[in-house]
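Please put together the full structure from these sequences, using the hints given.
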Amino acid sequence: DTAVSQTPKYLVTQMGNDKSIKCEQNLGHDTMYWYKQDSKKFLKIMFSYNNKELIINETVPNRFSPKSPDKAHLNLHINSLELGDSAVYFCASSQDQGRPTGPIGTQYFGPGTRLTVL
Amino acid sequence: KQEVTQIPAALSVPEGENLVLNCSFTDSAIYNLQWFRQDPGKGLTSLLLIQSSQREQTSGRLNASLDKSSGRSTLYIAASQPGDSATYLCAVAHQGAQKLVFGQGTRLTINP
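Chains A and B, in that order, are what the protein sequence lines are.
Numbering-wise (this note's numbering), the first sequence opens with residue 1 and increments by one.
Numbering-wise (this note's numbering), the second sequence opens with residue 1 and increments by one.
Hints were generated in silico from the structure; no laboratory data involved.
By construction, the Cβ of each residue, glycine as well, lies at the ideal position given by its N, Cα and C atoms.
Misleading hints may appear alongside valid ones.
As the list claims (entries may be wrong) - Sample of chain B residues facing chain A (criterion: CB under 7 Å; computed from the structure):
id: 1; residue: GLY43
id: 2; residue: LEU44
id: 3; residue: SER46
id: 4; residue: LEU49
id: 5; residue: ALA93
id: 6; residue: GLN98
id: 7; residue: LYS99
id: 8; residue: PHE102
id: 9; residue: GLN104
Unchecked claim - Straight line, CA to CA, 25 Å or less: simulated SDA-like cross-link-like pairs of lysine to any residue:
id: 10; chain 1: A; residue 1: LYS44; chain 2: B; residue 2: GLN95
id: 11; chain 1: A; residue 1: LYS44; chain 2: B; residue 2: GLY43
id: 12; chain 1: A; residue 1: LYS41; chain 2: B; residue 2: ALA10
id: 13; chain 1: A; residue 1: LYS44; chain 2: B; residue 2: ALA97
id: 14; chain 1: A; residue 1: LYS52; chain 2: A; residue 2: LYS71
id: 15; chain 1: A; residue 1: LYS44; chain 2: B; residue 2: ALA29
id: 16; chain 1: A; residue 1: LYS41; chain 2: B; residue 2: GLN2
id: 17; chain 1: A; residue 1: LYS36; chain 2: B; residue 2: PRO8
id: 18; chain 1: A; residue 1: LYS41; chain 2: A; residue 2: THR13
id: 19; chain 1: A; residue 1: LYS22; chain 2: A; residue 2: LYS71
id: 20; chain 1: A; residue 1: LYS44; chain 2: B; residue 2: THR5
id: 21; chain 1: B; residue 1: LYS42; chain 2: A; residue 2: LEU118
id: 22; chain 1: A; residue 1: LYS22; chain 2: A; residue 2: ASN62
id: 23; chain 1: B; residue 1: LYS42; chain 2: A; residue 2: PHE42
id: 24; chain 1: A; residue 1: LYS44; chain 2: A; residue 2: PRO66
id: 25; chain 1: A; residue 1: LYS40; chain 2: A; residue 2: ARG114
id: 26; chain 1: B; residue 1: LYS42; chain 2: A; residue 2: VAL12
id: 27; chain 1: A; residue 1: LYS41; chain 2: B; residue 2: GLN81
id: 28; chain 1: B; residue 1: LYS42; chain 2: A; residue 2: TYR108
id: 29; chain 1: A; residue 1: LYS9; chain 2: B; residue 2: GLY41
id: 30; chain 1: A; residue 1: LYS71; chain 2: B; residue 2: THR45
id: 31; chain 1: A; residue 1: LYS40; chain 2: B; residue 2: SER12
id: 32; chain 1: A; residue 1: LYS19; chain 2: A; residue 2: LEU83
id: 33; chain 1: A; residue 1: LYS41; chain 2: B; residue 2: ILE110
id: 34; chain 1: A; residue 1: LYS40; chain 2: B; residue 2: LEU11
id: 35; chain 1: B; residue 1: LYS42; chain 2: A; residue 2: SER20
id: 36; chain 1: A; residue 1: LYS36; chain 2: B; residue 2: ASP39
Below, the structure written as structure tokens:
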């Protein structure tokens, strides 16, 4: 049983296009995240949602727009793709305690979406 | 601003050896510290979570320690096996920031 799933696994597209990545978790967690892993393998948080509410937006360009239709889903839409957007994007989830100030629980990651912008 | 550093960046050891991976962080105001492994082309798998009040956690051949006051954690792997080859990342859950801050990882290779 897949805990955190992402689609698609690979995404190759031209500059200027708009694309979406979908994420679903079946762990019953209340918090979901998007991370970006660059070519140097450095992993950095982009967004987090708790119970469909945006908690963290790490100064990501507004071309990136997350959407959480329900607790189990967090999608990422990217407008006007640029070369620098090429990276692996990971979705994750956790069961946290006492948002918005409580501690973060163990995070469970999806398999990643490798985005290549040509 | 919390910064997490992992040394060494890469490590290669013969099978069967015990080894230690290091992680340091600049701000001791943390909720917990988490260790992950990442296999090539895959997502991250959680290994251990140490709460800020704990000194160590164990899971099988893995033992993680935490010295919050000095801003350090170690991951000890006993009797290493080729299947342990992966990149190991540590991350701290910083108080008030509600996010994990990751180190850049240590790429571990266990040679048969």
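* To do: Could you tell me which of the numbered hints above are not met by this structure, giving the numbers in increasing order?
  => none
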